[in-house]
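Q: Sequence:
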Amino acid sequence: MAKAATKKATKKRATKKSAPKKRTVKKAAKKRATKKSTPKKKTVKKAAKKRAAPKKTVKSEAAALRKKAKKTSAQAKKKLAKAKKEAEKETAALKRKAKKKRTELKRRLNKAKKSASKAIADLEKKGEKAVKELKAKTSKKKPARRKPAAKK
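Residue numbers (my numbering): 307 to 458.
A few of these clues could be false.
Claimed, not checked - Subject to a maximum C-alpha distance of 30 Å in a straight line, what follows is the list of computed DSBU-like cross-link-like pairs (lysine-lysine): (1) Lys362 <-> Lys377; (2) Lys406 <-> Lys388; (3) Lys401 <-> Lys374; (4) Lys362 <-> Lys374; (5) Lys417 <-> Lys432; (6) Lys435 <-> Lys420; (7) Lys365 <-> Lys391; (8) Lys407 <-> Lys391; (9) Lys362 <-> Lys376; (10) Lys438 <-> Lys419; (11) Lys395 <-> Lys419; (12) Lys390 <-> Lys365; (13) Lys385 <-> Lys361; (14) Lys390 <-> Lys376; (15) Lys374 <-> Lys391; (16) Lys388 <-> Lys405; (17) Lys373 <-> Lys395; (18) Lys365 <-> Lys388; (19) Lys453 <-> Lys441; (20) Lys432 <-> Lys420; (21) Lys373 <-> Lys384; (22) Lys377 <-> Lys395; (23) Lys391 <-> Lys403; (24) Lys391 <-> Lys377; (25) Lys384 <-> Lys395; (26) Lys407 <-> Lys388; (27) Lys390 <-> Lys377; (28) Lys384 <-> Lys374; (29) Lys388 <-> Lys403; (30) Lys395 <-> Lys406; (31) Lys441 <-> Lys424; (32) Lys417 <-> Lys431; (33) Lys365 <-> Lys395; (34) Lys361 <-> Lys377; (35) Lys383 <-> Lys412; (36) Lys395 <-> Lys385; (37) Lys401 <-> Lys383; (38) Lys395 <-> Lys405; (39) Lys373 <-> Lys383.
Just so you know, the hints here were simulated from the structure itself, not pulled from any lab data.
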């Protein structure tokens with residue numbers, strides 16, 4: 307029975323909460339009347355004061371401009387320094403590349419020179435050999451002289 311009683315009570319509470327409150331016409335009119343009559347001028351003034359920027363003097367404006375100029379010049383200097391650094395890095399990289407290329411070309415040139423001189427030496431040797439062979443073929447041995455017979 308205790309359970310049944312609590313269920314009924316919760317149902318009643320649920321219906322009470324969900325049902326919208328009905329206002330009487332008199333109460334609504336009264337509320338509207340009080341809303342209009344309450345002055346809120348003081349709070350508006352305070353808010354306006356807070357919102358309004360303070361009047362700037364010439365000195366304060368000049369100081370602000372100087373500050374801004376300082377900031378922008380500092381930023382520009384930083385950017386310039388960064389760009390210089392990047393350029394230096396790039397030039398260093400290009401120099402390295404050029405040096406590498408130069409050494410590579412030198413190496414190839416020396417290699418070509420070596421092979422050319424070797425080829426020349428080989429050709430000279432072959433030529434000398436051919437000359438010797440030709441000489442050997444063409445030069446005939448002279449027949450041996452006969453000794454003159456002794457006169458009797």
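Q: Is Lys390 close enough to Lys365, meaning Cα to Cα at most 30 Å?
A: 37 Å, violated
Q: Please verify whether Lys438 and Lys419 have alpha carbons no more than 30 Å apart.
A: Holds, at roughly 29 Å.
Q: Holds or violated: are the alpha carbons of Lys374 and Lys391 at most 30 Å from each other?
A: Cα-Cα ~26 Å, so holds.
Q: Would the pair Lys362 and Lys377 pass a check requiring their Cα atoms to be no farther apart than 30 Å?
A: This hinted pair holds, its Cα atoms lying about 21 Å apart.
Q: Hint check: Lys388 vs Lys405, CA-CA at most 30 Å. Holds or violated?
A: 26 Å, holds
Q: Check the hint pairing Lys441 with Lys424 against an upper bound of 30 Å on the C-alpha distance.
A: 26 Å, holds
Q: Can the restraint linking Lys373 and Lys383 be considered satisfied, given a maximum Cα separation of 30 Å?
A: Holds. Lys373 to Lys383 sits at ~15 Å (cutoff 30 Å).
Q: Just to be careful, I want the Cα atoms of Lys377 and Lys395 compared with a cutoff of 30 Å; is the pair within it?
A: 27 Å, holds
Q: Within a Cα-Cα threshold of 30 Å, do Lys384 and Lys374 meet the stated pairing?
A: 15 Å, holds
Q: Check whether the Cα positions of Lys373 and Lys395 lie no farther apart than 30 Å.
A: Roughly 33 Å separates the two Cα atoms, so the pair is violated.
Q: Below or equal to 30 Å on CA atoms is what counts here, so check Lys385 against Lys361.
A: With a Cα-Cα distance of about 35 Å, the restraint between Lys385 and Lys361 is violated, given a limit of 30 Å.
Q: Would the pair Lys390 and Lys376 pass a check requiring their Cα atoms to be no farther apart than 30 Å?
A: 21 Å, holds
Hints 3, 7, 11, 12, 13, 17, 18, 33, 35 from the earlier list are contradicted by this structure; the remaining hints agree with it.
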